[in-house]
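There are 2 protein chains.
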Amino acid sequence: MNAFNNIEKKDLDKLFKCLHAINLNIKKGGTIISNLSNTDTICIIIDGSASVIRIDYNGNKSLIDTLHKDDIFESKMFNLNNSELSIIANEETNVIIIEYGKFINRCKKNCPYHNQFIDNTLSIILNKLNDNYERIQILTKKTTREKLREYFTIISNKRGSKRFRIPLSYSDLANYLSVDRSAMMREIKYLKEDNLIEVENRIITIKY
Amino acid sequence: MNAFNNIEKKDLDKLFKCLHAINLNIKKGGTIISNLSNTDTICIIIDGSASVIRIDYNGNKSLIDTLHKDDIFESKMFNLNNSELSIIANEETNVIIIEYGKFINRCKKNCPYHNQFIDNTLSIILNKLNDNYERIQILTKKTTREKLREYFTIISNKRGSKRFRIPLSYSDLANYLSVDRSAMMREIKYLKEDNLIEVENRIITIKY
DNA sequence: AACATTTTGTTGCAAATGCAACAACAAATA
DNA sequence: TATTTGTTGTTGCATTTGCAACAAAATGTT
Chain A
0 MNAFNNIEKK
10 DLDKLFKCLH
20 AINLNIKKGG
30 TIISNLSNTD
40 TICIIIDGSA
50 SVIRIDYNGN
60 KSLIDTLHKD
70 DIFESKMFNL
80 NNSELSIIAN
90 EETNVIIIEY
100 GKFINRCKKN
110 CPYHNQFIDN
120 TLSIILNKLN
130 DNYERIQILT
140 KKTTREKLRE
150 YFTIISNKRG
160 SKRFRIPLSY
170 SDLANYLSVD
180 RSAMMREIKY
190 LKEDNLIEVE
200 NRIITIKY
Chain B
0 MNAFNNIEKK
10 DLDKLFKCLH
20 AINLNIKKGG
30 TIISNLSNTD
40 TICIIIDGSA
50 SVIRIDYNGN
60 KSLIDTLHKD
70 DIFESKMFNL
80 NNSELSIIAN
90 EETNVIIIEY
100 GKFINRCKKN
110 CPYHNQFIDN
120 TLSIILNKLN
130 DNYERIQILT
140 KKTTREKLRE
150 YFTIISNKRG
160 SKRFRIPLSY
170 SDLANYLSVD
180 RSAMMREIKY
190 LKEDNLIEVE
200 NRIITIKY
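Protein chains in written order, with numbering that gives the first Met the number 0: chain A, 0 to 207; chain B, 0 to 207.
Rather than coming from a laboratory, the hints here were simulated on the basis of the structure. Please note that a few of the clues may not be correct.
The calculated lysine to any residue pairs, modelled on SDA-like cross-linking and capped at a C-alpha distance of 20 Å, are [said to hold, decoys possible]:
1. Lys-140(B) <-> Glu-145(A)
2. Lys-108(B) <-> Lys-140(A)
3. Lys-140(A) <-> Lys-141(B)
4. Lys-191(A) <-> Asp-179(B)
5. Lys-75(B) <-> Ile-154(A)
Starting from the given sequences, assemble the full structure and let the hints guide the process.
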């Protein structure tokens, strides 16, 4: 799913004009958006990836989210009172920037492609919300074992198979689950010993 | 903020007709929506409150979210593959049910109130997304102490004061932070002893 | 007012977890 | 190809945490 799904090529140009969309190419490490408090903008990742970073009043940085191809960022999503937000490109990244007002206020003509665009955007945002609920579902589990099992069943259900490849490195998975990596590796070992899963590299098989 | 903000009373009836909106009054314990897999619906809580409950393949129930007045529920938010979802009224609750298709496909007339309604809805959803990011920000902290401090600073920033009343009982707070209640009480005691906070019932003062 | 129910405060103890530290690989880069 | 950088696997140990269990307050209900 992407924000321009089901919009014909010939209409895209019209849409971009209507939205006053700005194309940006940002090199690795470059800042896509900073200091969001003032501007209400939508940012669509065309390709590449970026990190959403929060800088609190003490100057501590924390990674809030990672944006990938087709992802949408909107300032209201991260309304982190009293702290600054930056979006930094993790690699060469192309984005489209749109002012929120231009996005939401359709012109009088009621162009079908603008409606389609809003429809797509809403879908992507609802999907993001779903991802968050999934993560909360995992993070609220008390033990590392429960977190792993919840994560594995979610992936397994998505793929429709008890055998699947996890889409993260084990280091990244530990971060996602918010547990110590070494403790997580230990727990995976125990899950294997208890014959609940099988592991070959990043391919997991659930045995129950 | 509520989904019908800035829509005039006289337009509301037209909007409801246009949306084919259904009003429901559900008594305490009653089911608002169940078995969501098939229907793509939007549910707006007019007053009362409700619990979003997930029932997994083993029949285990877990509370996913609590809906309050003005909250919006959309099935795509909880696209929990392979498990059922129910929304149960926690008290007498009035809701409005709208089919997603009717919501997103504006009629040819491009009625301003329909646009306003979509605008409002998107705002509420973005706000929900923000709430989720806040909770994830808290849940990814490793220790109970860090979770508490993160929670306190978020509330403090929202209220614009170092002294504030927490909007939850301590039992509910423990649930929200996903920590053991007794362990949390112990940690609050330590925070007091270390002179980092002051506590009078549910009023907290941050001392740094 | 009497009763039941929920919330709060506290503690000992066992279990789970983070941390530090290191070695073996694998992958990316010069 | 050599070298640097990142990932995986493992362990001992101190700390944190969940759990169980109980009493005291507070709150809600008849």
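Practice item. Kindly indicate which numbered hints from before are broken by the structure, ordering the numbers from low to high. Key: 2, 4
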